[in-house]
Amino acid sequence: MTHVLGPQEKALAGSGALARQALIARLDPRLRIVMACVFAVVVVALSSLTALFAALAIALSLLVMSRLPWRRTLRRMAMMDGFILVMLLLLPFTVPGDPILVLWGLAASWQGLWQAVEIALTANAVILAVLVLLGTLEPVTLGHALHRLRCPETLVHLLMFTIRYLDVLHGEYQRLRAAMKVRGFRPGTNWHSYRSFGYLVGMMLVRAIERSERILGAMKCRGFAGRMPLLQEFTLARRDVTFGTGFTLLCLGLIILDVA
Amino acid sequence: MTIIALEKICFAYPGQPPVLTGASLHLQAGQRLSITGPNGSGKSTLLHIALGLQRPSSGAVRIFDKDRKEEADFHEVRRRIGLVFQDPDDQLFCPTVAEDIAFGPLNLGKSRHEAMAIVDRVLGDLDLMNLKDRSTHKLSGGEKRLITLATVLAMEPEALLLDEPTNALDPENEARLLEILLSLPQAILLVSHSTPFRAALAPERLELQGGRLVPM
Chain A
68 MTHVLGPQEK ALAGSGALAR QALIARLDPR LRIVMACVFA VVVVALSSLT ALFAALAIAL
128 SLLVMSRLPW RRTLRRMAMM DGFILVMLLL LPFTVPGDPI LVLWGLAASW QGLWQAVEIA
188 LTANAVILAV LVLLGTLEPV TLGHALHRLR CPETLVHLLM FTIRYLDVLH GEYQRLRAAM
248 KVRGFRPGTN WHSYRSFGYL VGMMLVRAIE RSERILGAMK CRGFAGRMPL LQEFTLARRD
308 VTFGTGFTLL CLGLIILDVA
Chain B
91 MTIIALEKIC FAYPGQPPVL TGASLHLQAG QRLSITGPNG SGKSTLLHIA LGLQRPSSGA
151 VRIFDKDRKE EADFHEVRRR IGLVFQDPDD QLFCPTVAED IAFGPLNLGK SRHEAMAIVD
211 RVLGDLDLMN LKDRSTHKLS GGEKRLITLA TVLAMEPEAL LLDEPTNALD PENEARLLEI
271 LLSLPQAILL VSHSTPFRAA LAPERLELQG GRLVPM
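Protein sequence lines correspond, in order, to chains A and B. Residues 68 to 327 (my numbering) are what the first sequence spells out, left to right. Residues 91 to 306 (my numbering) are what the second sequence spells out, left to right.
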């Protein structure tokens, strides 16, 4: 997540002081994961524009409730839009239907435009809900909560190791880049640069594998046999039940709105 | 000629107390100088500042009698001064020894043919020809150290900055490294905790105390 989070930030919420007052931050992490999944599945199933706008409104009100810095969070949402922008722009031209306009001999269709709008609304509502519900979790807490939700242990371990070693790998990358710099390397558009970056990535992979073997060795020396004890416990409080029920009802409402 | 002149350098890593609070240092051509100081006192940082990998918060960096402030100012510096990193693994990243040594000369605009000639010459000088086609991450600790020195010497630098070069070397490899370094004409700025190694290579010593360099 390092490219999404600035330096010194662990979770989107930043400092603990903010997290304590906000409603969302006090909810049980397990509930937040489940709710984010339910919301995502429901929204993806919606097809009417009214229901989709309602879903986006729900996601926006979650953002208000979470008291996250809205400007930064919306900017992160927009980063995701960057990935699907090309597809959205091409859709009107690739879906056959009643023409709106003709551009360089290509006809754009109303049907394609509506599909693009639907996809944009779905994607933004889901990503915003995920950012608000899950982005405010400490990565380690997310791992523990997934474990308690009976998520396959291997996947949880993968997440936990990623969290632990991301910085180590990043540090290694930066040291290698510095070493390249002091030997006069300046990236350019030539084979020497491509080859050198290839070597850099390759060497990091080789080192990561070797490091993982050393870590596994060290873990075995301390009695590791395929299971890692995760100590954090979670309990459902009354506000969790209230929030869970309310949110489920909202999701049901979205489905009814869509069908009606 | 003064190769490196650092004047009243101050530096702090973000969110941490300052490591350097007015450190000054001068290295003349052919001079051998060593820096000592406790762990975390900023010795490596000082070397990184001299090559523009870190920028000081205040103070002047003059290398080869020119003020160096911007990234572009340091391109020439990095060509003419070689830094041997503390951990050899931080430096070797190409699949084979030959390619790693050729990396620097290629960056200086040499052709592939010229670069391979430099590889042969440097490895011959250091008597390491047998390692030429070995994979860099399968070398022993001592071999890695000698190869990192070779990668830097391949650029024909006018000065060498050595950051703990004897780390994790056995006495035999340490003696070999010392012999090679003593035969070189370059100015050397050495950071080392090993007293006998310092005494043999660079007896003149500055100590980092409370973020300043004090002659000993």
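Hints were generated in silico from the structure; no laboratory data involved. In this text, all values refer to a predicted model and were calculated from it rather than measured experimentally. One or more of the hints may lead you astray.
[What the hints assert, rightly or not] No more than 27 Å apart at the CA atoms, straight line, and that leaves these computed lysine-lysine pairs for DSSO-like:
| no. | chain 1 | residue 1 | chain 2 | residue 2 |
| --- | --- | --- | --- | --- |
| 1 | B | K200 | A | K248 |
| 2 | A | K287 | B | K200 |
| 3 | A | K287 | B | K159 |
| 4 | A | K287 | B | K228 |
| 5 | B | K156 | A | K248 |
| 6 | B | K200 | B | K222 |
| 7 | B | K98 | A | K287 |
| 8 | B | K156 | B | K222 |
| 9 | B | K156 | B | K200 |
| 10 | B | K98 | A | K248 |
| 11 | B | K98 | B | K159 |
[Unchecked claim] Now the stretches of chain A that chain B is said to cover, found in silico as 3 or more residues with beta-carbon under 8 Å:
| no. | segment |
| --- | --- |
| 12 | 109 to 119 |
| 13 | 184 to 192 |
C-beta atoms are modelled at their ideal positions from N, C-alpha and C, and glycine is treated no differently.
Each hint tested on the structure:
1. B:K200 x A:K248: Status holds; Cα separation ~17 Å.
2. A:K287 x B:K200: violated (49 Å)
3. A:K287 x B:K159: Since the Cα atoms of K287 of chain A and K159 of chain B sit roughly 50 Å apart, the hinted pair is violated (cutoff 27 Å).
4. A:K287 x B:K228: It holds: about 24 Å lies between the C-alpha atoms, which stays within 27 Å.
5. B:K156 x A:K248: Given that 27 Å is the threshold and the Cα spacing comes to 20 Å, the pair holds.
6. B:K200 x B:K222: Distance of about 19 Å is within 27 Å: holds.
7. B:K98 x A:K287: violated (50 Å)
8. B:K156 x B:K222: This hinted pair is violated, its Cα atoms lying about 37 Å apart.
9. B:K156 x B:K200: With Cα atoms ~26 Å apart, K156 of chain B and K200 of chain B stay inside 27 Å; holds.
10. B:K98 x A:K248: Roughly 25 Å between the alpha carbons, so the hint for K98 of chain B and K248 of chain A holds.
11. B:K98 x B:K159: This hinted pair holds, its Cα atoms lying about 15 Å apart.
12. 109 to 119: Not satisfied, violated; 0 residues make the cut.
13. 184 to 192: violated (count 0)
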